[in-house]
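Chemist: Listed here are the chains, written in short residue letters.
Number of protein chains: 2
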Amino acid sequence: MMYAAIMGYGTIGSGVAQILLESRERIARCAGQEIGLKYVLDLREFPDSPVADRIVHDFRVIEEDRQVRLVVEAMGGLNPAYPFVKACLNAGKHVVTSNKALVAAHGTELLQIARDKGVNFFFEASVGGGIPIIRTLYRCLMGEGIREITGILNGTTNFILTKMDREGASFDEVLREAQELGYAEQNPQADVEGHDTCRKIAILTAMVTGKEVNYEDISTEGITRITDMDFCYAKELGASVKLLGSSRIVDGKVYVRVAPVMIGREHPLHAVCGVYNGILVKSDMLGTSMYYGSGAGKLPTASAVVADLIEAAQNEGINVPIGWGAERQEIADNGTSKSSYFVRIFGDANEKAKAVQEELGEVRTLVLEGADEFAVLTREMSEAEFTRHAIALDSKWQKDGEDGIRQIIRTELEG
Amino acid sequence: MMYAAIMGYGTIGSGVAQILLESRERIARCAGQEIGLKYVLDLREFPDSPVADRIVHDFRVIEEDRQVRLVVEAMGGLNPAYPFVKACLNAGKHVVTSNKALVAAHGTELLQIARDKGVNFFFEASVGGGIPIIRTLYRCLMGEGIREITGILNGTTNFILTKMDREGASFDEVLREAQELGYAEQNPQADVEGHDTCRKIAILTAMVTGKEVNYEDISTEGITRITDMDFCYAKELGASVKLLGSSRIVDGKVYVRVAPVMIGREHPLHAVCGVYNGILVKSDMLGTSMYYGSGAGKLPTASAVVADLIEAAQNEGINVPIGWGAERQEIADNGTSKSSYFVRIFGDANEKAKAVQEELGEVRTLVLEGADEFAVLTREMSEAEFTRHAIALDSKWQKDGEDGIRQIIRTELEG
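So the protein sequences, as listed, match chains G and U.
Note that the first sequence covers residues 11 to 425 in this note's numbering.
Note that the second sequence covers residues 11 to 425 in this note's numbering.
Okay, chain G solo, but in the shape it has when bound (with noise of 0.2 Å):
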């Protein structure tokens, strides 16, 4: 027997409790011993659920008790999870934890105490919920030079896409549905300006290159500035807008983003709906891989930590090389990063269409019926050579006191 505690009882630390004590002996015949609940570390009580008996106030409890062997993450935040989490581990217990904000801030030093400490430090949940994405890396994909990771990451921004792609809602309609149900918070900023998606990618850039990966050096752009115009085109062009977490590796140097992109119907991504996420992998010999499941949700999520608990319950003793070390990976400037772009410009594109060309070269034009503006998609190009031209253009219209590009989506419409 192997005692567990879980430090915060909310949607996830509670469905940790649940399948502990639901699936005790499947867990125990996979673990190799039972894993069994001793505390739940709560500020609230909880009279009338299964862990009445176990909530405890103080995390001094867990943190002394050498029985706890397992601890689990799921207040979220970092403080105090941080300094928690951080106990724990100095304490020589397993930490397990679901928490992207606080992997993708102090993995690096967390990560470094487990392996001092001989425990280990697990965050499968953290990045793609229902998708075992972070032990693929570690289990599976060994051995692969890896060249792309990019995923659908948030379940609320791909919720909110999708609905707009299906019904020609506007975004404020979508945003406001999503909260309604419950599938986005009320300050939904972390989502939808792309932060959550950016520590995800961050994390996973990390796995990928073994190296730390700071967050705040990912370019990071939400789907705020996304309309039902462009579901128009894109549906004309069989294709879809995602918002996408990415992280490329060209000779050595490593391209990380979060942004919307049109992608066309052959993207494996493109069938990656609602609040589902995935995950495609692109390496030197298995080539392209896939990875979809539930981005989010009580007992997905939870489901991933149990995995993590029994994966460090089979190793006691035993820390399993994962994660990465404290070297800094630089990330590259994306000006020389090649997309083609889809770009929706206001008038008239016969009118306008020798200026797009001048600037541009040749591109393929977009037009729906009765639209004040026109779409057009470029050849491939280097972000600061598009940059440079459509400011070039941009600012000639302005001049001519015209609207001019109204939007700029990077796209991947080929497979």
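Misleading hints may appear alongside valid ones.
A pair holds if it fits inside one copy or across any two, identical chains being indistinguishable in the list.
Stated by the list, open to error - SDA-like mimics (lysine to any residue), calculated; alpha carbons at most 25 Å apart, straight line: (1) 127 / 328; (2) 221 / 38; (3) 406 / 393; (4) 263 / 34; (5) 173 / 297; (6) 221 / 36; (7) 292 / 229; (8) 292 / 36; (9) 221 / 347; (10) 364 / 383; (11) 221 / 44; (12) 221 / 35; (13) 173 / 275; (14) 173 / 422; (15) 263 / 33.
Hints are computed from structural coordinates only; laboratory data are not their basis.
Given the coordinates of chain G, assemble chain U onto it according to the supplied hints.
Modeler: Below, chain U without anything else, positioned relative to chain G:
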């Protein structure tokens, strides 16, 4: 340094050799020690290959060399693969294979010998080529109660069906093209009749249930009867036809089948096209997850073998608990399993509507301009019930000297 031998220097064996030689450092980092390639067993010589000086023709050289701790079986077939693998395990060597026929036929015995000898018998590459599904099942979905595993498990048939879907071509045409491109064997029976998929779903089912599955117990239907007409109707429905291997666990009973299924655009496997494979898993807590990648190919398959070698090297002296025991899993009769059906019927839809409705109840009728037939989609019913009605309907028309039912395909049109 741990020494390895490869048995069979064909496509996969040479791919494994290539990776072992070219990615020596990366593999050493993952495995915790270098993996040196000592022998390659083949009847032929390969004087111009990088393994020229490692070629041996006598299996006993490998069997009797105590330095060789890892053996890759890449010969295919059962003889001499089976006796050789058995001898290696009995000699206390880890064995890794990509040979699904071997695993499906003798996996139970070979897994048991590995357990008895404290070594490992790994077979990631036997199912899903570049999809790490075996490892996902025993490493990532630990503690999950799996309710369904359904896959597009054969790249050749998926290539054929994708071509038929996109180009409206006939089965024979596309098969010929696939053979010319090397995607289909000159004797394509194992693929197109579903036998390959059958062995793979047998292995996956045994992984999920922990019991031996006799692949001969699995009802198997191939794609040779799928026609371009089927795809015309499918297009009307926004659907496609895929060859699925499927295993469902309902109330402790295990239903397994290989058959073409018409699936809708929302189905997670719908976007799995060409030579790619995809595997859908439904489990208690994680919900629906899906894994996608190259179904075959030299490097994806070889990479899966190398991942197994690395895991074996990491677990020297330890039998990792995977696979299944000797107890036989009973496969339930599919008669009670439910589905809705796509049925193509000769003649005029209006004239036959009454008879159809009397037998099959309310159906959705599909008519293609200019065709001498029509199709219906039935409600969901058990296989036994449907078969009874279909036979009654068909024999009535046959008695009237008329053509009756031309095609029956199970459908999963709602996600």
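Chemist: Quick check: which numbered hints come out false for this structure?
Modeler: none
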